[in-house]
Amino acid sequence: MAAVQAADAAIMHGPGQQPGSSTDAALIYFSSASGNTHRFVQKLGLEAARIPLRTSDETIYALRPFVLIVPTYGGESGRNSIPPQVVKFLNEEQNRSLLRGVIGAGNTNFGTTYCLAADKIAAKCQVPRLYRFELMGTSEDVDRVKKGLEDFWTRQSQMPQ
Amino acid sequence: MTEKVKLLHHVEAINWNRIQDEKDVEVWNRLVNNFWLPEKVPLSNDVQSWHTLTPEEQQLTMRVFTGLTLLDTVQGTVGAVSLIPDALTPHEEAVYTNIAFMESVHAKSYSSIFSTLCSTKEIDDAFRWSVENPNLQKKAQIVMDYYFGDDPLKKKVASTLLESFLFYSGFYLPMYWSSRAKLTNTADLIRLIIRDEAVHGYYIGYKFQKGLEQVSEEKRQEIKDYTFELLYELYENEVQYTHDLYDSVGLAEDVKKFLHYNANKALMNLGYEAMFPSSVTDVNPAILSALSPNADENHDFFSGSGSSYVIGKAVNTEDEDWDF
Numbered sequence: 001m002a003a004v005q006a007a008d009a010a011i012m013h014g015p016g017q018q019p020g021s022s023t024d025a026a027l028i029y030f031s032s033a034s035g036n037t038h039r040f041v042q043k044l045g046l047e048a049a050r051i052p053l054r055t056s057d058e059t060i061y062a063l064r065p066f067v068l069i070v071p072t073y074g075g076e077s078g079r080n081s082i083p084p085q086v087v088k089f090l091n092e093e094q095n096r097s098l099l100r101g102v103i104g105a106g107n108t109n110f111g112t113t114y115c116l117a118a119d120k121i122a123a124k125c126q127v128p129r130l131y132r133f134e135l136m137g138t139s140e141d142v143d144r145v146k147k148g149l150e151d152f153w154t155r156q157s158q159m160p161q
Numbered sequence: 001m002t003e004k005v006k007l008l009h010h011v012e013a014i015n016w017n018r019i020q021d022e023k024d025v026e027v028w029n030r031l032v033n034n035f036w037l038p039e040k041v042p043l044s045n046d047v048q049s050w051h052t053l054t055p056e057e058q059q060l061t062m063r064v065f066t067g068l069t070l071l072d073t074v075q076g077t078v079g080a081v082s083l084i085p086d087a088l089t090p091h092e093e094a095v096y097t098n099i100a101f102m103e104s105v106h107a108k109s110y111s112s113i114f115s116t117l118c119s120t121k122e123i124d125d126a127f128r129w130s131v132e133n134p135n136l137q138k139k140a141q142i143v144m145d146y147y148f149g150d151d152p153l154k155k156k157v158a159s160t161l162l163e164s165f166l167f168y169s170g171f172y173l174p175m176y177w178s179s180r181a182k183l184t185n186t187a188d189l190i191r192l193i194i195r196d197e198a199v200h201g202y203y204i205g206y207k208f209q210k211g212l213e214q215v216s217e218e219k220r221q222e223i224k225d226y227t228f229e230l231l232y233e234l235y236e237n238e239v240q241y242t243h244d245l246y247d248s249v250g251l252a253e254d255v256k257k258f259l260h261y262n263a264n265k266a267l268m269n270l271g272y273e274a275m276f277p278s279s280v281t282d283v284n285p286a287i288l289s290a291l292s293p294n295a296d297e298n299h300d301f302f303s304g305s306g307s308s309y310v311i312g313k314a315v316n317t318e319d320e321d322w323d324f
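Protein chains in written order, with the UniProt record's numbering: chain A, 1 to 161; chain B, 1 to 324.
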């Protein structure tokens, strides 16, 4: 148990996916050192790649269509609410062309900026905002997102290309 | 009182150009960007609305706000300050001084509301009530006792539960009035407080989790057990306090759902799983919407009919550092 927790701590504060590497995960996420979004993704039990924590590191590259999970930063005006690491990731044409949907993490206590980063990315990249959850998500959130993603990818595969 | 809150014995000049934990800088900047003062909120626009409340509703509102004043005073004067000696970095110490000051701003802002809306006698009566209400005094005392204790992790648990759970029996009421288009400027001010408390709870909870990484598995288990025990103790008291306040207006059951919902979030701030099941956290949608106007989950693809996508809501996307 201690070993598992130590490993978890290493992931929680580690740099994420190797900078500059490519991933064929269908789920890509950012989580800051607080690890809330990381915990949510762990509970999903799906293969997922974490965008590097350090903004100065090279980003990662998606190889197949994916869904992005993103927490919201920032304050009152809603400026800079998308973590800069995620902006850097989406600035890569390859990555944003494979983006199919966004899931937001946040806290309703932030009022009008609740999950604003997900809304902004959905609007900017013209993809649906699929779901929102608070902090590290409840077990209901985990169930809904697992089921939702399964249906979503089934539907995607049936769409004419 | 003979006990004293500890002070740091050794201080070095703080160097903001050498950062051990980026979270300190992130949260400092966020708190500074969120800075506000009650004088900026046009509370006097609520005077007319205040007079549409019944005397009982006015008294309830004042009692709720003196209760919140007490908690903010505890957190500003003792709570945030007591965390300073346990800080892991000098920048964490600085963040706590910011938190302490903002709690004092919050405490003062309730007095701004009072002086705008109420008579001196009403104000004095409400403050007397806050001294005499046993459940209110008990919750302040439970938390205070931990601030005078020696365990840094337990102090952070108590502090996070205060920031993220104990305020909410009070925050419910201005959200309720706001949902009925009453005291809307007061609600705007309370939303600023709620936003600040959310950052405080998040940060102290984060530092708690950093601290947990440094202790043995046995200690971690002890702290987890302690957290849930303390939450139960505070919860039972909150239920009593809620009935004291809200039974007269028939809102106690609705408030309790809001308590459960926020207790879950307090636990998550500490890195623990939510405890209350969704069957008792179904907060009145009007309250949730007063808190966060776009939180309605039916707008989400996974929650809605599944037939329509939500794309391109009217949000300004151009204030980020895009290359496209």
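Keep in mind the hints are simulated off the structure, nothing from the lab.
Predicted, not measured: the structure shown is a model, and the values here were computed from it.
Check each hint, because a few of them may be wrong.
Said to hold, decoys possible - Just a sample of chain A residues kept apart from chain B, beta carbon distances all over 10 Å, derived:
hint	residue
1	Gly-16
2	Ala-26
3	Ser-32
4	Gly-35
5	Leu-90
6	Glu-93
7	Asp-119
8	Glu-134
9	Glu-140
As the list claims (entries may be wrong) - Here are the simulated lysine to any residue pairs, SDA-like style, with alpha carbons at most 25 Å apart:
hint	chain 1	residue 1	chain 2	residue 2
10	A	Lys-88	B	Lys-182
11	B	Lys-154	B	Ser-111
12	A	Lys-124	B	Thr-97
13	B	Lys-224	A	Ala-33
14	B	Lys-210	A	Ser-22
15	B	Lys-154	A	Ser-22
16	A	Lys-146	B	Thr-97
17	A	Lys-146	B	Glu-273
18	B	Lys-121	B	Glu-222
19	A	Lys-43	B	Asn-17
20	B	Lys-182	B	Pro-42
21	B	Lys-182	B	Ser-111
22	A	Lys-43	B	Pro-42
23	A	Lys-43	B	Val-64
24	B	Lys-154	B	Leu-212
25	B	Lys-138	B	Val-215
26	B	Lys-40	B	Asp-21
27	B	Lys-224	A	Gln-42
28	A	Lys-88	A	Lys-147
29	A	Lys-124	A	Ser-22
For every residue, glycine included, the Cβ atom is placed at its ideal position computed from N, Cα and C.
Outcome of the hint check:
no., hint, in the structure
1, Gly-16, "14 Å, holds"
2, Ala-26, "15 Å, holds"
3, Ser-32, "7 Å, violated"
4, Gly-35, "7 Å, violated"
5, Leu-90, "8 Å, violated"
6, Glu-93, "7 Å, violated"
7, Asp-119, "5 Å, violated"
8, Glu-134, "6 Å, violated"
9, Glu-140, "5 Å, violated"
10, A:Lys-88 - B:Lys-182, "44 Å, violated"
11, B:Lys-154 - B:Ser-111, "31 Å, violated"
12, A:Lys-124 - B:Thr-97, "38 Å, violated"
13, B:Lys-224 - A:Ala-33, "21 Å, holds"
14, B:Lys-210 - A:Ser-22, "30 Å, violated"
15, B:Lys-154 - A:Ser-22, "42 Å, violated"
16, A:Lys-146 - B:Thr-97, "42 Å, violated"
17, A:Lys-146 - B:Glu-273, "18 Å, holds"
18, B:Lys-121 - B:Glu-222, "48 Å, violated"
19, A:Lys-43 - B:Asn-17, "37 Å, violated"
20, B:Lys-182 - B:Pro-42, "14 Å, holds"
21, B:Lys-182 - B:Ser-111, "19 Å, holds"
22, A:Lys-43 - B:Pro-42, "45 Å, violated"
23, A:Lys-43 - B:Val-64, "38 Å, violated"
24, B:Lys-154 - B:Leu-212, "11 Å, holds"
25, B:Lys-138 - B:Val-215, "31 Å, violated"
26, B:Lys-40 - B:Asp-21, "33 Å, violated"
27, B:Lys-224 - A:Gln-42, "20 Å, holds"
28, A:Lys-88 - A:Lys-147, "29 Å, violated"
29, A:Lys-124 - A:Ser-22, "23 Å, holds"
The structure shown violates the earlier hints numbered 3, 4, 5, 6, 7, 8, 9, 10, 11, 12, 14, 15, 16, 18, 19, 22, 23, 25, 26, 28.
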